[in-house]
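Trainee: Sequential numbering of the sequence shown, starting at 1, is according to UniProt numbering.
There could be a bad hint or two in this list.
Computed spacing ranges between beta-carbons, pair by pair [claimed, not checked]:
hint	residue 1	residue 2	range
1	D248	R129	45 to 51 Å
2	A192	L250	49 to 55 Å
3	G370	A559	46 to 52 Å
4	S141	S350	41 to 47 Å
5	E412	P457	34 to 40 Å
6	A513	P457	50 to 56 Å
7	R159	V518	56 to 62 Å
8	G216	G402	36 to 42 Å
9	Q123	M324	15 to 21 Å
10	A522	R129	54 to 60 Å
11	G402	R570	15 to 21 Å
12	R129	P193	20 to 26 Å
13	L250	P118	47 to 53 Å
Keep in mind the hints are simulated off the structure, nothing from the lab. Since the model is a prediction, treat every value here as computed from it, not as a measurement. The C-beta atom is built at its ideal place from N, Cα and C for all residues, glycine as well.
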Amino acid sequence: MAGAASTLPAAAAAPPMDARVIKDRRSRPVVLVILSPSAWGGGPPRPVPSRPCMRDTLAPLSRLSRGQRPWAAVIFSPAARSRRGTARQRLCPQRRRINRNGRPGHKEVQMRIEEWQPDLSGQPGPKFRALANALREAARSGLLAPGTRLPPMRDMAWRLKVTTGTVARAYQVAAAEGVIESHVGRGSFVAAPPARRPVPQPLLYESLDHPMSQQGPADLRIPQLPDCGQARVLARHLTALADDLDADVLDYTPLSRDQDCRAAALDWMAVRRVGPASTGDMVLTHGGQHAITLVMALCLADQPAQVMVEALTYPGIVHAARLMRAQTLPVALDDQGMRPEDLDRVARASGARLVCLTPSAQNPTLASMGAERRAAIIAVARRHDIQIIEDECYAPSPDPQGPPSLRALAPERVWHVSSLSKIIAAGLRFGILICPEGMGQAGRVAAQHSHMGLSQPITGLVTRLIRSGDAARIAREVKELVDDRLALAHEALDGLGMRGQPGVPMVWLPLPAPWNAVDFVARAAVAGVIVRPSSDFCGPDQVPVQGVRIALNCRMPRARLAAAVDGLGRMARSGPLAGPD
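Given only the sequences and the hints, what does the whole structure look like? Please build it.
Mentor: Pasting the structure below:
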């Protein structure tokens, strides 16, 4: 501001003051009345001089026209302002500080918006971006509390010596980022920080005890393969592999270096009737879960972010969809799995073009599709141009008389997922993805983008397992032991509608009325057996059917597993009013 200078006489009744005439940005005269510390006489603060007193003080200006007459502004000297602020604090106690987590703060520094003066000088980029960054940092650090009202754009521009357009663009950027929120007729305010997204439940539970222990509850939540000496076989092959490692292990794995492992995996899959396939159609992944996530990333890139899933589905599929920010749409089930007429309805209503299903061993209900049902599903998929993820990680051992896979029926649109984790050893983390015809290269490039390809020790180990015949031998022994545990479940749960599949280490138990699945699980836990309710496999808006999934922990002593499953059967038959067994 440019100052103009004139000291005016003070009225006798007025406190000591100094009045000066200056000009504002629009060259209008302004009278500044500066009160000295002695104006308050060391006592309690008194009000600003009354209007008549002020008018007497400015009497020499009364002859000016209305357009030339200045407006009065009062500025307190530092000492007077300090005393005035102290008096305000006595009258209005400082409010309790609340930190950004919603709890009473501790030594948190907050300021009024009038005191906030960001330094935009020396900041890279345009001024509006620097102001938006300053707003974001002040809100993030708690310097400006949520709900703080921002000055109008013109006032902020005047304070920061920038244009109104600069402030307007800065407010727009901050509003788009969620830093501030604007309301018509009310102004702009610092927005409250967004609520943190809850951490989802893990896919795997920590085991409550050692599988071979006789103490503690019987944990039947996660299927566990029997011990057929897999660790010794893997150790032997790893030792031989270590002796054969060369300098190639120092390099990243190019797309073609896993060719030998893909050829071995193709031989392994030959008995599973997956339709026409070559090594060019195959992608190697870190297990079946990784393969499902990879397919969703590929298919949802240019499609609606929606995935149709079975009404009761494995939670890993839902978590994979969430990673892609995709909505899951439930499709009704019956005793053969997904119903094609409901798939048609959901596809028409939503426009979704991706479905994930488990046709051979539905998880958790263990339903299996017949040949006619599979053909009907393919017909709906072709009608709506739907891509299909065929999750066959839990598929039973191949049956020459069984129905063909979905990929054999529609190789142009089915992504077939398999894994050695459910057959050989869960810790191996090796998955096989057979892509639709012509999509193998795209799948391998996407896999390279996500994890740079499988490491050479893993591909070398799997190649040796398959070529030596150890993988096939272990798979046969695992199936025999799983079928033995399955026979225990059939005997203990006879007459209750239990459903299982050969070689699959889990069963589904529908609960008779008036049982509720959550109550049944709680009652079973009191009796020392832990299982999973149907609600664990439902979406948030679904009404679950009343049933439980019982994992056959094949590493548990046979007698202990038999006693646990037998107790579940007796409890299901006796009803919820009988009390824990």
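Trainee: For each hint, tell me whether it holds in the structure or not.
Mentor: Each hint, compared with the structure:
no., hint, verdict
1, D248 with R129: 45 to 51 Å, "48 Å, holds"
2, A192 with L250: 49 to 55 Å, "51 Å, holds"
3, G370 with A559: 46 to 52 Å, "37 Å, violated"
4, S141 with S350: 41 to 47 Å, "43 Å, holds"
5, E412 with P457: 34 to 40 Å, "35 Å, holds"
6, A513 with P457: 50 to 56 Å, "53 Å, holds"
7, R159 with V518: 56 to 62 Å, "59 Å, holds"
8, G216 with G402: 36 to 42 Å, "40 Å, holds"
9, Q123 with M324: 15 to 21 Å, "37 Å, violated"
10, A522 with R129: 54 to 60 Å, "56 Å, holds"
11, G402 with R570: 15 to 21 Å, "35 Å, violated"
12, R129 with P193: 20 to 26 Å, "21 Å, holds"
13, L250 with P118: 47 to 53 Å, "51 Å, holds"
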